[in-house]
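Trainee: Line by line, the protein sequences are chains F and C. For the first sequence, this note's numbering assigns the number 51 to the initial residue and increments by one for each residue that follows. For the second sequence, this note's numbering assigns the number 51 to the initial residue and increments by one for each residue that follows.
Bear in mind the hints are in silico, worked out from the structure with no lab data behind them. Check the hints yourself; a few may be wrong.
[Claimed, not checked] Pairs of lysine-lysine residues, derived as DSSO-like cross-links and limited to a Cα-Cα distance of at most 27 Å, are as follows: (1) F/K289 with C/K615; (2) C/K272 with F/K462; (3) F/K622 with C/K289; (4) C/K253 with C/K223; (5) C/K289 with F/K615; (6) F/K272 with C/K462.
[Claimed, not checked] Partial pick of chain F residues on the chain C-facing surface, computed with a CB cut under 10 Å: (7) T412; (8) P422; (9) K503; (10) K522; (11) E546; (12) P548.
Keep in mind the model is a prediction, meaning the values are calculated, not measured. C-beta atoms are modelled at their ideal positions from N, C-alpha and C, and glycine is treated no differently.
Protein chains: 2
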Amino acid sequence: MSSPTVLTIAGSDSGGGAGIQADTKTIQVHGCFATNVVTALTAQNTVGVQGVHEVPSDFVKQQMKSVLGDLPPKAIKTGMLASSNVIRAIIEELQATYSEEDMPPMIIDPVMISTSNHTLLPSDAIGELCFGLLPLARLITPNIQETELLLRCLRAGKNVPHHSDVVVGDLVKEQESGTGGRIQSIGQMVDAGKEIAHILQAKDLTVLVKGGHLPMEKTSLKKALHALASDTHMTVTWKGESSGADEEQEGFIEVLHAYRDQLQNESKKDEEKYVVDVLIEASGSRVNLFVAPAIISASTHGTGCTLSAAIASNLALGKHSKLDRDVRCEAIPYLDQSSSFLRAVVQAVSEGIDYTQYAIVTAEAKGEGHGPLNHGCIVARRALMLASSSDPHPFVSHLLRSTSQEWQSYVKHPFVQQLGKGTLDPEAFRHYIIQDWHYLRNYARAHSLGAYKSTSFTEIQAFSEIALHIAKESEMHVQFCTSFGVSLEDLQQATESPSNSAYSQYILDIGAQGDVTELLVAVFSCLLGYGEVGLYLKRKLEDGTLEQRMMVDPPSSARLARLTKIWSDCVKLEAAFWQMGLDRS
Amino acid sequence: MSSPTVLTIAGSDSGGGAGIQADTKTIQVHGCFATNVVTALTAQNTVGVQGVHEVPSDFVKQQMKSVLGDLPPKAIKTGMLASSNVIRAIIEELQATYSEEDMPPMIIDPVMISTSNHTLLPSDAIGELCFGLLPLARLITPNIQETELLLRCLRAGKNVPHHSDVVVGDLVKEQESGTGGRIQSIGQMVDAGKEIAHILQAKDLTVLVKGGHLPMEKTSLKKALHALASDTHMTVTWKGESSGADEEQEGFIEVLHAYRDQLQNESKKDEEKYVVDVLIEASGSRVNLFVAPAIISASTHGTGCTLSAAIASNLALGKHSKLDRDVRCEAIPYLDQSSSFLRAVVQAVSEGIDYTQYAIVTAEAKGEGHGPLNHGCIVARRALMLASSSDPHPFVSHLLRSTSQEWQSYVKHPFVQQLGKGTLDPEAFRHYIIQDWHYLRNYARAHSLGAYKSTSFTEIQAFSEIALHIAKESEMHVQFCTSFGVSLEDLQQATESPSNSAYSQYILDIGAQGDVTELLVAVFSCLLGYGEVGLYLKRKLEDGTLEQRMMVDPPSSARLARLTKIWSDCVKLEAAFWQMGLDRS
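Based on the sequences and whatever the hints tell you, model everything.
Mentor: Here it is, written out as structure tokens:
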């Protein structure tokens with residue numbers, strides 16, 4: 051259950067939607083531990099960036115020193131880097147700390163302009179980013195504009211003796227004026243990504259060109275995919291309901307579309323657009339396309355930060371499980387096996403895209419402009435806490451605490467008190483032990499029912515042993531009754547009292563109606579309360595059967611409430627059972 | 051499902067364990083949305099603070115402006131405030147934005163020194179904090195040292211014409227040299243809290259004096275509680291397993307202690323210490339004591355930040371539910387009813403203490419010094435995503451996607467294809483429709499079993515209607531068979547084939563063994579696949595019965611895996627049913 055450390059090096063967004071805030075929230079909900087090196091502060095909200103406070107590069111360096119040594123990250127991501135001095139400081143600290151081999155994977159989101167169109171990286175820093183930082187990256191995640199600019203800069207760097215000779219300012223102006231080629235198709239995205247990877251020539255580098263700004267209609271998408279299909283190393287992953295883009299494709303599930311079609315009218319379906327993210331693997335040999343329906347939403351502030359932080363978290367977690375599994379595990383040996391690292395990147399990117407999309411579509415509107423994503427979408431509040439040193443039995447203690455009054459009325463029932471003081475009417479006790487013999491029979495049956503409903507030999511054995519023990523115990527019970535002048539015949543001829551029936555039939559009904567867990571809760575109140583029989587059974591079940599079940603299959607609030615209700619009913623029926631003795635009813 | 055905004059005004063901890071990082075993580079996992087006004091940056095790790103970068107007060111002001119207007123908070127908390135200029139800037143912005151009535155509740159954690167003993171607030175700022183900011187607070191959360199210093203300062207302020215005449219530096223020196231009274235008992239904590247509330251005379255102010263630095267043994271604790279018991283307005287809340295402190299008390303649950311005692315040996319139990327947090331309500335009229343076992347842990351970096359952020363989140367959420375309930379709701383009308391706000395504070399503090407304790411005891415060791423808390427302890431990864439516009443039926447689409455191959459083999463089975471092309475051997479079809487008649491009888495029984503296991507009339511009705519529909523439909527089936535030369539007698543005399551029995555008995559067994567949800571999944575594959583009967587039933591169940599169940603009772607990974615297994619088994623058995631037709635077996 052370890053939560054690997056993920057370092058984010060980025061600016062602070064006071065509005066909480068982007069920057070280290072988006073990163074930290076994303077990393078947290080992925081089950082990782084976020085450390086932060088702050089490169090700049092922004093006074094920002096959903097409408098725009100109202101101010102930037104630069105952090106001295108020396109202090110960036112100091113933050114790097116503080117976290118890299120004491121809290122070594124399993125993955126690093128960078129966002130807004132503010133200035134060339136800051137970038138240099140970061141490079142220096144990384145190189146001072148790591149050799150090329152032992153550096154954790156670095157994901158660079160080359161943030162240059164905010165969603166609200168605010169310049170976040172001065173042009174003199176772009177060269178430092180391209181020629182200094184990018185060569186250290188394992189994954190670069192530019193959007194289309196950023197791809198164009200990075201490419202201009204990298205191309206220019208090829209033609210000059212020294213990188214410092216590249217006049218980035220002119221390239222930015224060219225980019226702004228629209229001079230030169232623009233990326234306007236999936237094919238061009240692929241080519242651009244390949245060229246970046248080629249120029250950088252870094253081992254294991256991957257480039258994710260994000261196509262969010264290039265939505266396309268179904269027909270254009272299909273054409274583009276057909277044109278690219280000649281590339282045998284291309285893999286297409288369809289996200290969300292986007293598999294509707296091609297009914298003939300493998301794995302198309304008609305029922306899902308019948309479902310969706312109910313929700314959309316035909317005209318809207320035709321208008322539907324798709325976005326494609328292109329992941330180029332090292333040396334451009336493999337291309338992964340992620341196709342998703344374009345989302346129309348105002349909640350997109352911090353999308354890029356969120357995606358790269360999610361990818362970094364997935365890489366740090368190492369095990370690249372589906373979104374619907376609990377992810378916590380050791381880091382993968384990403385440095386030993388390039389191919390396994392590349393597979394890991396594909397999986398991490400794919401899951402990162404799922405997460406980001408889900409966080410956008412489930413976001414509530416906030417602020418006047420582009421609102422934040424719903425970073426918490428993949429987690430839910432635990433209904434039941436995990437076991438800890440201060441609460442080693444959270445489920446049983448939850449049951450007892452939520453019914454403390456009923457529990458007191460049961461364990462301190464006047465019948466028990468009178469029994470303890472020796473003032474109990476012998477007739478009351480006689481009535482009780484006769485009824486108890488009948489109760490035990492049904493109680494044994496309840497355990498046999500549990501065995502019948504079990505899914506494993508272990509469970510069948512546990513239930514059967516208890517049923518067997520009660521059956522054997524019944525002989526002792528008869529002997530005990532005989533000593534009180536009650537014969538086996540008396541026992542057999544006695545009528546089951548209503549309180550007795552109510553209780554044992556309740557347990558059997560829960561057993562018939564629900565699953566094994568519900569039945570276990572129903573038999574548990576008797577186990578916890580009883581004496582002689584109880585002590586044996588308690589030991590059997592205290593092995594943690596119930597806590598174990600709750601750990602393996604954590605209950606939702608609704609299920610916990612249902613189990614608590616069953617428990618509470620049983621505790622009350624236990625008290626009524628004592629009362630039946632007193633009343634001889 | 052709204053997530054209220056909580057603003058934290060504090061320093062950044064590069065190490066991620068305290069400051070805005072602890073706040074943001076805490077606020078996030080509580081289901082709230084965190085905005086951040088950064089007052090200072092620290093280069094920090096678990097060992098200590100290696101550097102501080104102050105943020106100009108003007109820029110603090112600018113951040114305040116950016117967030118207060120566009121993203122109005124439901125609660126505000128302050129942590130490290132860095133300098134008197136920063137504090138003045140905060141006060142000015144708060145006063146410019148809010149009238150006294152409409153200010154959201156402000157929780158002030160008067161951070162002055164870090165866990166690692168680093169001074170985080172210069173002495174000239176302490177006066178600004180005491181006389182400027184504290185009067186705006188709804189809750190102040192000092193530890194014992196901070197309580198002593200605040201009290202010194204507030205007392206000195208009473209005796210001078212102007213607050214600026216208070217020489218705080220001298221008071222800090224007095225405090226450091228140990229001159230004057232020290233808080234060494236619960237009684238003194240109560241008195242100090244009352245005095246702070248009394249001097250500030252702020253309406254609805256509450257003071258939480260945290261006793262973490264004053265652990266006491268069982269006997270001293272008992273004595274202290276007895277001494278205080280004369281105060282009739284005192285309420286004691288026992289946290290975790292601490293109710294063991296007094297066996298005679300109401301609500302003591304013996305079984306829980308029997309449990310715990312198994313885990314601890316006697317000697318350790320005697321050494322056990324307790325800490326008490328004292329919450330003084332407005333004007334000192336009521337006192338709440340929270341008693342918890344002292345935790346021995348190195349994972350305490352950021353404890354104060356975490357507690358105050360949790361309290362702020364709880365207040366913002368408005369509904370002050372137990373930790374074991376899903377909390378998301380509208381804000382309480384805290385400004386209309388003082389008494390309801392005070393109750394809310396007590397509840398928010400109590401839950402905040404639970405959360406913080408739980409985050410400490412479940413933390414894994416990180417770093418060389420005081421490690422961070424496990425902020426994610428109260429959330430778990432969702433096994434199944436919630437419905438969204440891009441995936442309106444997450445459960446069914448999960449089932450279909452995780453069995454896409456089996457699903458294809460079923461819906462595109464050669465039997466179906468031959469039927470479509472008109473090449474199917476009539477004998478194969480005859481065999482199929484005979485078996486199908488038998489299958490339908492068991493399929494109807496499965497729905498009757500569902501009705502038997504249901505907990506509500508709605509469910510009983512839904513299942514019964516389907517059982518009834520199938521029973522009626524059987525007559526049409528007989529008519530249809532007659533047209534193929536198969537009489538009712540033929541149907542009755544036919545033997546159920548093994549594939550048929552295997553499938554229908556599987557469904558009935560799942561129904562007997564599991565709960566209603568499992569049964570629904572088992573009958574669902576047939577519903578989704580079938581034609582005429584299916585269309586009617588599909589409509590009945592598509593009302594979202596299954597998705598609804600998943601929403602109300604979100605499955606754990608284990609339960610989702612079990613349901614997916616049942617689904618997968620059924621889809622395969624459906625395919626085997628077609629195969630049986632082809633094989634006439």
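Trainee: Hint by hint, note whether the structure agrees.
Mentor: Right, here's what the structure says about each hint:
Distance restraint check for F/K289 and C/K615: the Cα-Cα separation of roughly 24 Å lies within the 27 Å cut-off, and the hinted pair is therefore satisfied. Note on C/K272 and F/K462: the hinted pairing holds, with a Cα-Cα distance of about 25 Å set against a maximum of 27 Å. As the CA atoms of F/K622 and C/K289 are separated by approximately 26 Å, the hinted pair is consistent with the 27 Å bound. In summary, the hint linking C/K253 to C/K223 is not supported, as the alpha carbons are separated by about 32 Å, beyond the 27 Å threshold.
Note on C/K289 and F/K615: the hinted pairing holds, with a Cα-Cα distance of about 24 Å set against a maximum of 27 Å. A threshold of 27 Å between alpha carbons decides the hint, and for F/K272 with C/K462 the separation of about 25 Å falls inside it, so the pair holds. Here the hint on F/T412 is kept, as its CB sits about 5 Å from the closest CB of chain C, short of 10 Å. Residue-level restraint check for F/P422 holds (minimum Cβ-Cβ distance to chain C is 7 Å; threshold 10 Å).
With 10 Å as the threshold, the beta carbon of F/K503 comes within range of chain C, its nearest partner Cβ sitting at about 5 Å, so the hint holds. At about 26 Å, the closest approach between the beta carbon of F/K522 and any beta carbon in chain C exceeds 10 Å, and the interface hint on this residue is violated. With 10 Å as the threshold, the beta carbon of F/E546 stays out of range of chain C, its nearest partner Cβ sitting at about 23 Å, so the hint is violated. Hint status for F/P548: violated, given a least beta-carbon distance of 23 Å to chain C, over 10 Å.
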